[in-house]
Every structure is written in C-alpha cells, then in structure tokens.
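Chemist: Listed below, chain by chain, are the residues.
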Amino acid sequence: MWRLKFAPDQASTFAEQYDWLFWATTALTIFFTIVVGLLVIFFALRFREGKKVDRSNAHDHHLMLELTWSIIPLIMGLGIFGWASYLFVETRQPPKNALDIYVIGKQWMWHAQHSNGVRENNMLHLPSGTPVRLTMISQDVIHSFFIPAFRMKQDVIPGRYTQMWFTPTKPGVYNLFCTEYCGTQHSEMGGYVVVMEPSEYQEWLANGGDNVPVKPMTMVQKGEKIFKDKACFKCHGDQDIHEGPSLVGIYNQRRVMKDNSVRLADDEYLRQAMYDPYAHILKGYENTMPSYKPKSTDDLEGGLSEEDVLNVIEYIKSLRSSPTAPAPAIPPLATGVPPTEVPN
Amino acid sequence: MAAIAAEQAHSHDHHGPLHHQFEDLDQQNEAYLVGMWAFLVQEVMFFGALFLTYTLMRWQYPMDWYFAHNELDWKLAGFNTFNLLLSSFFAAMGVRSAQLKDRKGVLLWLGGVLLCCLVFLGIKYVEYALKWEHHLVPGPSFFYQGEANPGVAQMFFGLYFAMTGLHGIHVAVGLIVFGILWLMWYFRKTIVTEDYMPTEMCGLYWHFVDLVWIFLYPLFYLIPHP
Amino acid sequence: MSHSNDHAANHHVDSVGTYIATFGALTILMIATIAAAQVNFGHSIVNNIIAMTIAILKATLVIAIFMAVRRSSGLVKLYAIGGFVWFLLFFIMFCDYATRSWEPVKGWYGEESKVVPDYPHVTDHPGERPEKHDSGH
Amino acid sequence: MSAVPATQAPAPKPKSYLENGHTVASWLLTGDHKRIAILYLISVSIFFLVGGIAAGMIRTELLLPKGVFLENDSYNKVFTLHGIVMIFFFLIPAIPAVLGNFLIPLMVGARDLAFPRLNLLSWYVYMAAGTLGVIVILLGGVDTGWTFYTPYSSLYSNSQVGLTIAAAFLAGFSSIFTGINFIATIHKMRAPGLTWFRLPLFVWAHYATSVIIILGTPVIAITLLLVGVERVFRIGIFSPELGGDPILFQHLFWFYSHPAVYIMILPAMGVISELISAFSRRPVFGYHFVAFSSLAIAGLGFLVWGHHMFVSGQSMYQGVVFSLISFLVAVPSAIKVFNWTATIYKGTVKLDTPMIYALGFIGLFLIGGLTGLYLSSMATDIHLHDTYFVVAHFHYVMVGGTIMGYLGGIHFWWPKMFGRMYPDNWGKLSAVIVFIGFNLTFMPQFVVGYLGMPRRYHYYYLQPEFQPYHIMSTLGSSVLGVGYFMPVLYLLWSLKYGKKVGDNPWGASGLEWETSSPPPTTNFLEMPIVTKEVYTYDAEKAEEEFEHRQELIEEVTG
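Heads up: the protein sequence lines correspond to chains Y, H, U and E, in order. To convert, note that position 292 of the first sequence is 292 in our numbering; the numbers rise steadily by one, no gaps. Add 344 to a position in the second sequence, counting from 1, and you land on the number used in our numbering. Add 570 to a position in the third sequence, counting from 1, and you land on the number used in our numbering. Add 707 to a position in the fourth sequence, counting from 1, and you land on the number used in our numbering.
Note that these hints are calculated values from the structure, not bench results. Since we're looking at a predicted model, the values are computed, not measured. Misleading hints may appear alongside valid ones.
Calculated cross-link-like contacts (lysine-lysine; reagent style DSSO-like; alpha-carbon spacing at most 27 Å) [as the list claims (entries may be wrong)]:
#1 Lys-258(Y) to Lys-293(Y)
#2 Lys-225(Y) to Lys-647(U)
#3 Lys-773(E) to Lys-5(Y)
#4 Lys-258(Y) to Lys-234(Y)
#5 Lys-228(Y) to Lys-317(Y)
#6 Lys-676(U) to Lys-228(Y)
#7 Lys-676(U) to Lys-445(H)
Stretch-level coverage of chain Y by chain U, calculated; a stretch enters the list once three of its residues show a Cβ under 8 Å from a Cβ in chain U [unchecked claim]:
#8 110-117
#9 159-167
In silico contact screen, one side only, chain E against chain U (beta carbon under 7 Å); selected entries [claimed, not checked]:
#10 Trp-853
#11 His-894
#12 Leu-922
#13 His-958
#14 Tyr-1024
Note that the Cβ used here is the ideal one computed from N, Cα and C, for glycine as well.
Build the full structure now, drawing on both the sequences and the hints.
Modeler: Below you can see the structure in the form of structure tokens.
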C-alpha cells in the first residue's frame, strides 16, 4: 500500500523531454528557495537585538545590486521560457503520418472511434512507437483529455475541433482523466489508455476491438436515427415554424387543437400523430403531414413499425429545450470499472 | 454613480460645503474630481468588455452582422443621438450656471436635460416594443426570418439589447440623479447652491453616458456593407 | 489656506460661446457620420475607419470641453486618458482569434475545422458524413 | 516627530474612536474609517470561517479514495463555495478593507478617507453580497466552480448560478468603491510635506491595488452579467450552438481574475514591507525599487492572463506572447523578496509575532512564486494545468502569502487599533503552528499534482498511489485549522485583559504611530506636518532632523 510514487511513468517521447525541463525548473526553484531561505534565517539570527555585531554603514539602496538581482533571474526565466516554448510548439505540430483517432467528450464519458469504425468508451487502445493524432470535440460542455503518463492534455471544446498528438513508447495501462470541471460526475469521467505492441494493436483492431459487443443502441438513439432518416426535423425543428410545430418539450403538455379542444400530448397522442395526423390537427396548422402508417406489418414501404414508433416517442420525450435539462440520450455507463482482462 | 450623488444629497453640512475631512475647498473639489474620474474609468472598462465582444463577433460574422442590423431603424436612433447631444449641451450649460451660482439658469438647463432624458427613454421604449413584435428579442420567442444566420442574428440582438439596455439603465439612473439635483436646487439646499461640485459631477456622469452613445450609434445602426 | 468662499472666481468658467460652438461641432460630426455611412467607399474598412475617427473626435470634444478636462489638473487628465488606454489592452485578445486559423485542425469529416461544425454523434462514423442534417438534436 | 516639549499640562486624554458613541446606530451608520474597518474585520473573519469550514470538509472528504461523507454533487458545491467565499469575500477585501481602511488615512495624515459615506456604502454592498452568498448556500449552493466556465455555467448547470452571479457582481462593486476611496485619499489628502517618496510602502501597495481594482473589477461584473443573461435569454455569445465562443468567456474572465490575484497579494506585500522594516529597525532596502515594483506588478498584471489558457484551445502564438510577459511579471516580485532579505542585513532584528509571520511570508511566497514559473512556461503547464500542482501553487501564494501577511498585519497594528497588547508568546506559537501546518498541507499536493491528479476530483479509487499524499494533506489541514483558530482566542482575550499600550509600543516609524492608540475619531489632535524621511530608525539622523525642524516646517508650509 505504501509504495510512494513520486513521478508518473514516462510512456511517450514527449514525457522524456518534458521531465528534463521539469527537473531543471525544480532544481532552479530549490536553489533559489535555499539561498534566500538560508540568507533570511541567517540574517535574522545573526543580527538579532542584543547581539554584539558590526552594524556600521548599512546602506539602504545599492543600484548595482538591484540590477544584478533583477537581470539574472530574468535571464534564467527567459532561458526556461525559450526551452518550454520550443517544446510546446513541437507538441502543437502533429507529423503527417500520424494515426488518426477521433474522440468525443460527452457529459461524463469519453468516446473514442478508430478510423476503421471500432468504438470504445472510456478506454483508448494505442500502438506503441507510432505517432497518434487525436481529433477531439465535445457534445455539451468543455472537457479536457489528460493522460499523465504522456504528460499531454488538451481541452475538448463544444463547437470546435481541437487536436493533440503523441508517440506512445512503453506498453502498459495508464490513467486517463478529464481535467476541466464538467459537472456532477467530473471525477468519474476517466478511464484507461492501453498501449500495446503495434502487431497486437492491429490484431485488436482487426477483430473489432474488444470482443465486448458494442452496446446496443438505446431506444432514444434508435428514435433519433429514425427521426433523422425520415427527415422529420425538416418540419419539426427547434422552433415552431410554418411547416410544423417544434416537438421540443411537448411530451405531457396540453396541446390546443384546430377545433380549440385541448388534448394531452401523451404516448397515444404522439402515436396517432404519426399514424393518422389529420385526425387531430394542431391549432394554426393544416393537414400537410404525411401518414407513416405501414401498408402491412411485413411490408413497411416507408411506414413506421410499432417498434419504430415507440423509439421515436422515446426520442421525443428526451427532447427538452430548457437549459436546466441535462443532455439527453445515452445514460452514463458504469464507468471507471477496470477492464477484466488487462493485456500484459 | 447613484452612490456618490446619494452621498452628496444627504450629507449634512457643517460650515458651508466644506466636509470635515478636508483642509480646504480646493482639496475637496480636486478629491471629488479624482474620485469621479476613477469611477468613470471603471465605467469605461465596464462598457469596454461589451464593446470588445461586439467587435469580436462583428469581425467573425461580418455579413450576418450587416444583414441583422438592417432590422434596426437608424433614423429614429439618429434623432435619439441628436437628443442626447442636446442634453449633453444642456448639462454643460447647467454646470456653467451652477458655477456662476445662477439658480434660475441651473433650473432651466437641468430641466432641459430631464426633458431630453425622458424623450430618449421614450424612443428607446418604442424601439424595444417594435423589436418585441418582430420576435427579435433573444430567448424562446426569438424568430428571425431575415437573410442572416438565425444563430448569429440572435447574438446580434443579444448584444444589441445588452449594450443599449445597459446604456438605457445608465440613462434612467441619470434621470433620477438629475431629478434629485433639480429638486435640491429648487429647494435651495446649500449643499448644491454653495458648492458647484455636486452639479459638476452629475454633469460629468451625464457626458460619459452621452459618450457611450456616441460610440454605440455608429456601431449598431450604421454598419457598412462588408 | 484662506477659506475662499467665492471660489467661482478662481475657477475659470467657459463662455457660452464655447459650449454652443462645441455643440454645433458635435451635431455636424453626427451628420457627417450618418452621411459617411451611406457612401460606399469600395471596401468597408474605409467606412469603419471614418466612423471610428468621427466617433473618437466627438468623444475628445465632449471630454475636453464639456467635461472641462482641458482645464483641470494633470491628475484628472491622467485618469481621463488612462481609462481609454486600458480599454485598448483588451484587444490583445484579438491576437488569439486572429492566429487561431494558423494551426490547421482536421475536422471529423476530414475538412478543416469551421467555427460551428455539425455535431458528430456517437452513432456517426468518422470519415464519411451521413446525409446533411441540422446541427443539434 | 512633533514632540512638543511637555511644559504645559498634557491635554486631557481625547476620546478614542471606540468610546465615541456606543449605540448600534453609531456603529452601523458611522462615517469613521476606523469603525468601518472594524465592521469589515468582523464580517471578513466570519467569511473566513465559512470558507475554512468548506476547506475542512473538502480535506476530510479526500481522506479516502471513495470519499467519506459527501456525494458527487454536494462535493462540487462545497469546493465551489470554498472558492467563491475565500476569493470574493475574504482574500480580495481582507487587507485593503480592514488594514487599508484603518491605516491609510492615519499613514497619510488625514482626518478620514476622501468619501466616508461611500466607504460605508462599500461595507453595506459587501454585506448584501454576503447575504446573497448565504442565501445561495441555503437554496442548494452552486456547482460551477469559482471560475463559472461556460457553457457549463450558462447552459448545463441547474444550481443557483444566477444568485451567485448577483453576489459576485455586488462584491465587485464593494471593492470598486474602496478602490475609488483610496485613490482620491492617497492623491489628494496627504499631509503637507508628505511627498510620494516619503509615503510608507503600505500606501504604495494599496495605491497599486486600487488602480487594478478600478481597471479590472468591472470586466468580471459585465462578464458574469453576460453569463446570467445567457442563462435566461440564450443570447449566444458563449453558447457554441448559436456561433458563440466559450473561450471568449475564459478571456474575459481571466482578464480580471489574474489582476485579481495581484489585488490579493499586493496589499500583503505592503504589510510585509512595513513589518520587515519595523522589526529590523532599518529602512526598507531599495525603497524606490520596491515602490515601483508594486506599480510594475499592477501594470504587467493586465497583460498576462493567457497563461491560464495554454491548453484551452487558445492559439499557440498567443500562448508564446503570454508566456513571455508572464516571466517579466515574475521579476518585480523577485525584486521585492531580495530587497526584504537585504533589509534584514545589518538590522537589529526583534523576532516578535509579526516578524515571524513576515519571515514565514518570505519563505512561503518564495516557493509559491517560483512554482509559478512551472505554470507560466508553456511546456510544463501542459501536464500541470488544472492538477493539484496548481492548487498547491496558488495556496502557497494566497494562504502562504496573503493570509500570513494579513495575520502579521493584524498582530502588528492590533495595539494601534485597540490600545491593548496581545500575549506575544501565544502569538509566536500560533505563527509557528500555522507555518508547519501549512507546509504539511500543501507540499504533498505539489507531488500529487505532478502525479497527475486533476483538480476538483472527488474520487481517486482507481489511483491508490494518491492516497498517502492526501492523508498527509488532511493531517496538515487540521494543524492549520488549529493554528488559525488560536489568534481568535488570544486576540479577543487581549481586548479585555491585554496590557494597555502607549502611542508606539513597537517603536516603529510612520504617522500612524505618532497619534494615540486607539486613535481619536479625528485621528490627530493637530494635523501633522511631515519633515522626515520615511523609515528613520537610526538615532543621529533623528536628532539632526529634530534640531532644525522649524526651518523644515517653514519650508513645507512657506
């Protein structure tokens, strides 16, 4: 239990260069702290009241001394600045042949996608020795993808792609954190980065990543997919528009019909709105919506099966516009559980 | 600003306008001027952050900004600008007659300022009501049909209401402050009649408010076609 | 320090003429701004520069004469100018926005990063773009 | 020294500001800067207690990897409460509003601050902000962290963000009013003969702080207002769906918040200059350099905010510029520390409680300042940003710096404020306990930060190697708690039973030591005329100045 760890392991080329700079700055800090600390204690004790000691011609200003102890720390500082900026610029320019991996940050989970479509949550498998570039974006708030062993961190911002690159060296399992405060389970939004031999990685990638089957899509996800495939959003966008009312936050709301009767927008109402929309038309709209009632149970031919309807209803329920609602869709996974079989 | 004016209003006077902590009137007036200008510097930075956001958003979306600004009526705002310049002139004249202890003049000029204040707020109300009907107020009721991208249009009108609204609040505070000042002159309160400094400070505040509108007007209402 | 009660004397009071002249100048400048905005000078930068110079001119007029800063002590001048100089420090922020595009960042569907890209979703496959759909859910 | 030869009978003892009116109204409606300072002392200490309790809860929570008694949400609300209360309600107002309010008119030789009622209004606005803060706690707290980063704070957090923004907005105006007061007083109300270079460094530091306050605070006021409006109207400036940019919030926020850390540290540096000079009985070495370094920090402090955003998507070219200027801003702080060390050289050092706090300040502020180099150099900041390394860094500067300076200043001027001396041995003991407890709490956090534990993390059950450091840190925090509680006891005890003191118990130089303690309501019986240099401690110069004091007075008032 008490194996005190003082430094994170070095598992990327940048980590090695980083540690040189880190320990150089530490040496400088310790040097100055000891010099000034000892001087202060020594002077305080040597010149205490009542001590017979030569206190004659004590200057209270000395231009040369002031300039020396301003210029020298400045030069040292600029030295560190030069070294650090050179390293930083290097980390911001990924090589052309880098392996592309895509990362989405969502509230309280990391989702990584490899270029051949293999998906993994809160885990990232990487080949050692080859430069890897992560193209990252967030779906809701600002997160930050941080791998201490690689000494690399980059904020993941909604509305903009950010990138980060590194060359993993030592195979092993390393921590992955989210370092930008992103809400309730910010401290559980982490996971593992598994660095493997390139051959092992290719084989892992070939058989579709972890043989853990990709989580089946939830009903809300399926509903969302249908909502997009049928292009329902063309009329039912975020705001009520001429073609169709917005469906955001309408579940269990009172809806005023064309004949001024008021009906509750429950599951039954939504199902009927899809199957025979002209039965009850909303106030202010005409009968323009096509019916999605399938010809028969097996030949859908453009219609929606009962199961599709349920998914779409589930999706409509998850549409809430008020900012107070947390992002809908996938419930947070049981994150933070270490993978059962950990490659050696 | 209301703080300083309110502080002036109900400070009981010992021997004439000189407060106990000052040696003489020059020191007191100079101290009040420095304090007022420190307050105005803080106001510059207060509006400055909004002007910066405006410049940034306009630099990022020049075309959408131009289209969104077509919804604004620059003629009405032009008259409003003239109205504020007039009130600034009245305020300067009011301060001048306060320095000359000419009570009649002060009541006349400050009355003019109050009038222009009301006219300005009236026009502002008309403009905002117009925007409300056209569903241009950001929020759930926002519904923009012009050529600009609706997201950027919502940002434009968000900034429009933020900046002109904040300026409007400052004009309203100015109205209250000048109202109190006018009443104190009317009831011959020695705090204002003896020492011109409270009136000058209200004048400084008012000129600052006019200054902000001088920049707001071209930036919002006269956007050239990019 | 004689307690000078008639302090209006030693505080120079501008003549009415100065105020009227300043007011006239401000009105003319306002009309100039409106006029300049109608004219199309080829590129919009010219319009912007003209609008800003006129606004700064009007601002200096108001500060110098109406706010009597030209006649007040150096300290008041320092604070009057200092506030606006500090406002200019804000624009260091623009270096960030200007130089952001110098670092090319590849997007989800391979294109360069735009300011408001479409949100990729968990179900979206990197590389090939599903049929165009409006952003957000 | 206006030492009138005591030929005629000493004037009857003037009523001190404490005895001048005992009704509640005489305290709550006072214009006297000294009484307002006492009101601030009480309210600031209460908020320090609230923030301290929150800190205690965080430290106990982190004792075990799986947490002890808080849930995710309540932990987030506790660390946000700790951040907001400590920064907006303790660190920013503490030294300027308590020591600055009390001492600047005394040091400058004036009867009161330039705008007494504005000063009282500043206290009421501060208390209004404080009550809003308490209401936020009662209604369920806010969970956005003290930095309110959008889009979490504007679109996704459903905690009391709106009310907290109003509280921070009001607290900003309270410090703006204090800043305006100090600027007008220091400029215009100096005693005759008190030129700028005869002003104590405490006054220089507060002048620089006031300039930062009036230039920086409005920016956060407007930024938080925008977040509030964004929450209600979705105007889109910070929300990416409509094309806004969340990084713009970080720019505007840090434009104020970095100068704000200088608002917190500069007054403490002013206190330390006074303490070091008074307890080494020597003028501060390189007075002009130390004075102008305060202004340099105020000026450069506005150009470096980008080092908080190296990994936040800010472009690297901008990062290089900010990193360079961040190294420049480290130089004035280094100058100050070296000058203090040189002041102790060849002085006659009295190791009383304030001096121990001052020496502790130098040591801890040095470590705090130097660890700042890691965070302003871009490469090291990549790994260390938003980890416990940053937490340790700013606690070394804030707790090791500002709070040590604040406690040192309270102990040094306590006899002047209340006319009573506290028991010095208890003072020394509490100072040493604070020093030890502080190092035990925050030194391990440097290591756990380098190991990579992120900030604001509630669980670390997958990383057991962090736990030894958290155990040390929690142990240290309890020692620190004891160290901070002891002064409350013996200082309050000294109010009643402390030994009565004369005008100048420490034999320090400065106008505030020439009036009686506690000083009369109008500070000085007759307004002082300053003829001597700022820190005159050696005997010959004092005699020589005293002989031809009359010519000097004519020269000044002539």
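Chemist: Would the stated hint for Trp-853(E) survive a check requiring a Cβ distance to chain U of less than 7 Å?
Modeler: It is violated, given that the least Cβ distance between Trp-853(E) and chain U is near 22 Å, above 7 Å.
Chemist: Is Lys-676(U) within 27 Å of Lys-228(Y), Cα to Cα?
Modeler: holds (25 Å)
Chemist: Counting residues of the region 110-117 of chain Y that have a beta-carbon nearer than 8 Å to any beta-carbon of chain U, does the count reach 3?
Modeler: holds (count 4)
Chemist: Could you grab the alpha-carbon distance between Lys-228(Y) and Lys-317(Y) and see if it respects the 27 Å cut-off?
Modeler: The hint holds at about 16 Å.
Chemist: Check whether three or more residues of the region 159-167 of chain Y sit with their beta carbon closer than 8 Å to a beta carbon of chain U.
Modeler: holds (count 5)
Chemist: Taken at face value, is the distance from the CA of Lys-293(Y) to the CA of Lys-258(Y) at most 27 Å?
Modeler: holds (22 Å)
Chemist: Verify the interface restraint on His-894(E): the C-beta must sit less than 7 Å from at least one C-beta of chain U.
Modeler: holds (6 Å)
Chemist: Given a cut of 7 Å on the nearest C-beta pair, is the interface hint for Leu-922(E) held or broken against chain U?
Modeler: holds (5 Å)
Chemist: Can you confirm whether the C-alpha distance between Lys-258(Y) and Lys-234(Y) stays at or below 27 Å?
Modeler: With Cα atoms ~22 Å apart, Lys-258(Y) and Lys-234(Y) stay inside 27 Å; holds.
Chemist: Would the hint on His-958(E) be counted as holding, given a Cβ-Cβ threshold of 7 Å to chain U?
Modeler: Interface hint status for His-958(E): holds (5 Å vs cutoff 7 Å).
Chemist: Tell me if the interface restraint on Tyr-1024(E) is satisfied: Cβ within less than 7 Å of some Cβ in chain U.
Modeler: holds (4 Å)
Chemist: Check whether the Cα positions of Lys-773(E) and Lys-5(Y) lie no farther apart than 27 Å.
Modeler: Given that 27 Å is the threshold and the Cα spacing comes to 20 Å, the pair holds.
Figure legend: structure checked against the earlier numbered hints; hints not met, in rising order: 2, 7 and 10.
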